[in-house]
Amino acid sequence: MTTAATYPNAPDVSADDYVLIGLATCFIKADGEVCQVKIAEPIPSAALEALVKGIPTSYELAVATTLGAVLPAEEPQLPADFPPETQFCDDFAYRAIAAARTYKSRPEAQTHVPLGTHKTDFNYSTERKRVLNSDRIVKTEDNVKQHAYTHQVL
Numbered sequence: 019m020t021t022a023a024t025y026p027n028a029p030d031v032s033a034d035d036y037v038l039i040g041l042a043t044c045f046i047k048a049d050g051e052v053c054q055v056k057i058a059e060p061i062p063s064a065a066l067e068a069l070v071k072g073i074p075t076s077y078e079l080a081v082a083t084t085l086g087a088v089l090p091a092e093e094p095q096l097p098a099d100f101p102p103e104t105q106f107c108d109d110f111a112y113r114a115i116a117a118a119r120t121y122k123s124r125p126e127a128q129t130h131v132p133l134g135t136h137k138t139d140f141n142y143s144t145e146r147k148r149v150l151n152s153d154r155i156v157k158t159e160d161n162v163k164q165h166a167y168t169h170q171v172l
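Okay, so the sequence shown: first residue is 19 according to this note's numbering, each after it adds one.
Since the hints were made in silico from the structure, they are not lab data.
Heads up, the beta-carbon is just placed ideally off N, CA and C, and yes, glycines get one too.
One should not assume that every hint holds.
Said to hold, decoys possible - Pairs of lysine to aspartate or glutamate, EDC-like flavour, derived with a Cα cap of 16 angstroms:
#1 K122 with D34
#2 K56 with D34
#3 K147 with E93
#4 K122 with E78
Unchecked claim - If you anchor each label on the Cβ, the simulated ranges turn out as follows:
#5 T158 with R124: 40 to 48 angstroms
#6 V55 with T135: 20 to 28 angstroms
#7 A87 with E145: 31 to 39 angstroms
#8 A64 with Y142: 15 to 23 angstroms
#9 K56 with D34: 26 to 34 angstroms
#10 D109 with R146: 21 to 29 angstroms
#11 G134 with N161: 51 to 59 angstroms
#12 D109 with T138: 21 to 29 angstroms
#13 D49 with P74: 26 to 34 angstroms
#14 S123 with E78: 26 to 34 angstroms
Throw the hints in and build the complete structure from the sequences for me.
Here it is in structure tokens:
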């Protein structure tokens, strides 16, 4: 039996819905230096299926829980397995509800990490760093040179 919807902006999900929360190792640029941070973020079902296939990832841990456990009254709570210095990703509540919807539409994805368990055997790698606050500056030199006749009908 599922409980009544407890999220006014998302009446299609309830506190009993499955959601997977990942512990990611990310980096932040500050004063010319790169600092490592731990981030808690929801993992949608499509991303989980890619992770299970062994692609390199910044996730070192994923905890299968319910939406009500991480969003009681829409106030984010860390899973018990996460270190206390872990920060929440931007728009955590919005992304958690969105991720829960993906598991409702693809319930077979829940079998990779059953409810109440955690997974640590991802292909964890920080070789390609996830920098959260990087700015991409596009310069004129970055443009690809094209032949003069590229846009002409010949």
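To see whether the hints hold, each was checked on the structure:
For a cut-off of 16 angstroms, the pair hint linking K122 to D34 stands: about 11 angstroms separates their Cα positions. For a cut-off of 16 angstroms, the pair hint linking K56 to D34 is broken: about 26 angstroms separates their Cα positions. With a C-alpha separation of about 29 angstroms, the suggested pair K147 and E93 falls outside the 16 angstroms cut-off, and the hint is violated. Of the supplied pair hints, the one linking K122 and E78 is violated, its CA atoms being roughly 24 angstroms apart against a limit of 16 angstroms.
A C-beta distance of roughly 44 angstroms is found between T158 and R124, which places it inside the suggested range of 40 to 48 angstroms. Distance hint check for V55 and T135: the Cβ-Cβ separation is about 25 angstroms, which falls inside the suggested range of 20 to 28 angstroms. As the Cβ distance of A87 to E145 is approximately 32 angstroms, the hint placing it in 31 to 39 angstroms holds. Checked against the hint of 15 to 23 angstroms, the pair A64 and Y142 passes, with Cβ atoms roughly 19 angstroms apart.
Restraint check, K56 to D34: a C-beta distance of roughly 27 angstroms satisfies the suggested window 26 to 34 angstroms. Between D109 and R146 the Cβ separation comes to about 23 angstroms, which falls inside the hinted range of 21 to 29 angstroms. A C-beta distance of roughly 52 angstroms is found between G134 and N161, which places it inside the suggested range of 51 to 59 angstroms. Taking 21 to 29 angstroms as the suggested C-beta distance range, the pair D109 and T138 conforms, at roughly 26 angstroms.
Taking 26 to 34 angstroms as the suggested C-beta distance range, the pair D49 and P74 conforms, at roughly 28 angstroms. Between S123 and E78 the beta carbon distance is about 27 angstroms. The supplied range of 26 to 34 angstroms therefore holds.
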